[in-house]
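> Residues per chain, in single letters:
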Amino acid sequence: MRHVYIIGTGATPVGEHWDRSAASLAVEALNSALGTIPAARLGALYVASALSASLHAQSQIGALIATAAGIPGIEAVTIEAGGASGGVALRQACMAVASGAVDLAAVVGVEKVTDVLDARREAALALATDADWEAIHGVTLTALWALLMRRYMHEYGYAADDFAPFPINAHANGVANPHAMYRFAITADKVRGAPMVAEPLGLLDCSTAADGAAAVVIASEGLARELCAHPVRIAGSAVATDTLALHSRSNPLWLAAAAQTTTTALRSAHLTHGDVQVFDVTDPHGIAAALALESSGFAERGTAVALAREGAITPKGRLPLATGGGCKARGDTVGANGVYQIVELVAQLRGQAGVAQVDGARVALAQCMGGIGATVATHILTLD
Amino acid sequence: MDLAKHWRLRHARYRLEGQRNRLTGEVRFPPAPPHPGEAEEIWEPYVLSGRGRVYSFSIVRQPPEGFEDQPPYLVALVRLDEGPMVTAQLTDCDLDQAAIDMPVEMVTRRLRDLGPTGLIVYGYKFRPMVQR
Chain V
1 MRHVYIIGTG
11 ATPVGEHWDR
21 SAASLAVEAL
31 NSALGTIPAA
41 RLGALYVASA
51 LSASLHAQSQ
61 IGALIATAAG
71 IPGIEAVTIE
81 AGGASGGVAL
91 RQACMAVASG
101 AVDLAAVVGV
111 EKVTDVLDAR
121 REAALALATD
131 ADWEAIHGVT
141 LTALWALLMR
151 RYMHEYGYAA
161 DDFAPFPINA
171 HANGVANPHA
181 MYRFAITADK
191 VRGAPMVAEP
201 LGLLDCSTAA
211 DGAAAVVIAS
221 EGLARELCAH
231 PVRIAGSAVA
241 TDTLALHSRS
251 NPLWLAAAAQ
261 TTTTALRSAH
271 LTHGDVQVFD
281 VTDPHGIAAA
291 LALESSGFAE
301 RGTAVALARE
311 GAITPKGRLP
321 LATGGGCKAR
331 GDTVGANGVY
341 QIVELVAQLR
351 GQAGVAQVDG
361 ARVALAQCMG
371 GIGATVATHI
381 LTLD
Chain D
1 MDLAKHWRLR
11 HARYRLEGQR
21 NRLTGEVRFP
31 PAPPHPGEAE
41 EIWEPYVLSG
51 RGRVYSFSIV
61 RQPPEGFEDQ
71 PPYLVALVRL
81 DEGPMVTAQL
91 TDCDLDQAAI
101 DMPVEMVTRR
111 LRDLGPTGLI
121 VYGYKFRPMV
131 QR
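Chains V and D, in that order, are what the protein sequence lines are.
Just so you know, we're using this note's numbering here: the first sequence kicks off at 1 and counts up by one.
Just so you know, we're using this note's numbering here: the second sequence kicks off at 1 and counts up by one.
Hints may contain errors.
To be verified - With a cut-off of at most 16 Å between alpha-carbon atoms, the simulated EDC-like pairs for lysine to aspartate or glutamate come out as follows:
(1) Lys-190/V with Glu-221/V
(2) Lys-5/D with Asp-96/D
(3) Lys-316/V with Asp-359/V
(4) Lys-190/V with Asp-162/V
(5) Lys-5/D with Asp-130/V
(6) Lys-5/D with Asp-359/V
As the list claims (entries may be wrong) - Where chain D lies over chain V, by a calculated footprint (3+ residues, C-beta under 8 Å):
(7) 22-30
(8) 100-108
(9) 163-177
Calculated directly from the structure, the hints in this document are not laboratory data.
Yeah, the Cβ is synthetic: ideal placement off N, Cα and C, and Gly gets one too.
In isolation and in its complexed conformation, chain V is listed as follows (with noise of 0.2 Å):
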């Protein structure tokens, strides 16, 4: 397998964009990611989103999105896994380029989903749990992670403040990332006094679903030297999927594909827990966060939250996570999340992240996650 190289990135701000459609911010991101590369020179258009079948009533959204780019004609298909769709279209991106099939291929991540009101965009949401042992309960992806968080604090023994650390720490972050929703701190006392959505999540610790878009090139090696001055390998990429429902794991507080495919990235990276400088998960809650890093083996069991606490996921910490704001501060994007993810962990590998920059940063992680860890796609980003 040939090695591939991230040689463009371009993301639109995160936010309610009335005016706008998802076809016009995914070909404002791929125009920003291609650069003075012409889109006619790309093989293969990969684009992910979770809900824009459900939400908009369209499909083959990858035809849409290259005839608005002025590529019809080009491969293009659409990725649907959830909150995992960014990362697994990332994964057929990079097999297509590693396979020799393309040289030169483009994921768009896009989700507009502020065109509807509260109730259908938490229904539409709730498609990815399982629609007939969950979701017929009025069970919401939040109230699953809600179910978490309580046991959590019951087997480990924490109270629901000692999860702050996650979301003051994305808005601390979310402030540098000119494409962050929110871009403003938030104190301890805000996200304790925050009303409840689902108890014990309050609304401080829960992301907002937003409009976005954000797109990578991927390159061979070749190509990538001759297009790009600072190229990043993506060293390691893996995908894996857990059962649908979370009742029907033995520990549900496991995040089993979390754990494999974090094995299988660092292992095809020849790298191993320890070289990892920063991290990106999907972290609309706090406890998403937590169960991440544990699962992935970056934190003991139980850990965590502790970890969190004690400053660790600050740029200046040992695990730094959310360092372009997270789900909870530069806004939950869904199905783009995963892109979004890869934009800001470039940012940080080319020392480009401003006041969230982890200091020397050389190699970082990024996950995310459909439903509740149900598909997990995981990267392994490198500089050379």
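Fit chain D to the supplied structure of chain V, relying on the hints for placement.
Just chain D, lined up with the frame of chain V:
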């Protein structure tokens, strides 16, 4: 209408009918087709007792479409006595009464109303165990 979709799940939804492995005695819920290589008759229908304990619970305050008339409502993961875990609402239970490890039992209730041209979907919920 989704008629067939809900009709075919009626045994599981109305009386918590799962499956028991004829060889190992393992009980599973919900029922599932045999895995590749597994003989179909290995798993026989088995009605669970409906008793269990709360593994965890939450309160939904921002409901999905179709549940707008219900909040705040309790949802839970319930560990059934036979081993499987299920997701369901807690009912006949005050919001501040729910607790981890609370003994509960299954009751059949309305899950949701699919509107004037749709079904009223019934199924299992769990209530605090009634002392007998």
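> It remains to establish, for every hint, whether it holds in the given structure.
Each hint tested on the structure:
Between Lys-190/V and Glu-221/V the CA atoms are separated by roughly 48 Å; this puts the pair beyond 16 Å, and the hint is violated. Restraint check: the Cα-Cα separation between Lys-5/D and Asp-96/D comes to about 35 Å, which exceeds 16 Å; the hinted pair is violated. Restraint check for Lys-316/V and Asp-359/V: the C-alpha separation of about 8 Å stays at or below 16 Å, so the hint holds. Between the alpha carbons of Lys-190/V and Asp-162/V the distance comes to roughly 13 Å, so the proposed pair stays at or under 16 Å and holds.
Of the pairs offered as hints, the one joining Lys-5/D and Asp-130/V holds, with about 14 Å between alpha carbons and a cut-off of 16 Å not exceeded. A threshold of 16 Å between alpha carbons decides the hint, and for Lys-5/D with Asp-359/V the separation of about 55 Å lies outside it, so the pair is violated. Counting residues of the stretch 22-30 of chain V whose C-beta lies closer than 8 Å to any C-beta of chain D gives 0; at least three are required, and the coverage claim is violated. Figure legend: the stretch 100-108 of chain V, annotated as covered by chain D; annotation inconsistent (0 residues with Cβ-Cβ distances under 8 Å, at least 3 required).
Residues of the stretch 163-177 of chain V with a Cβ under 8 Å from some Cβ of chain D number 0, which does not satisfy the need for three, so the listed coverage is violated.
Hint check: violations occur at hints 1, 2, 6, 7, 8, 9; the rest are consistent with the structure.
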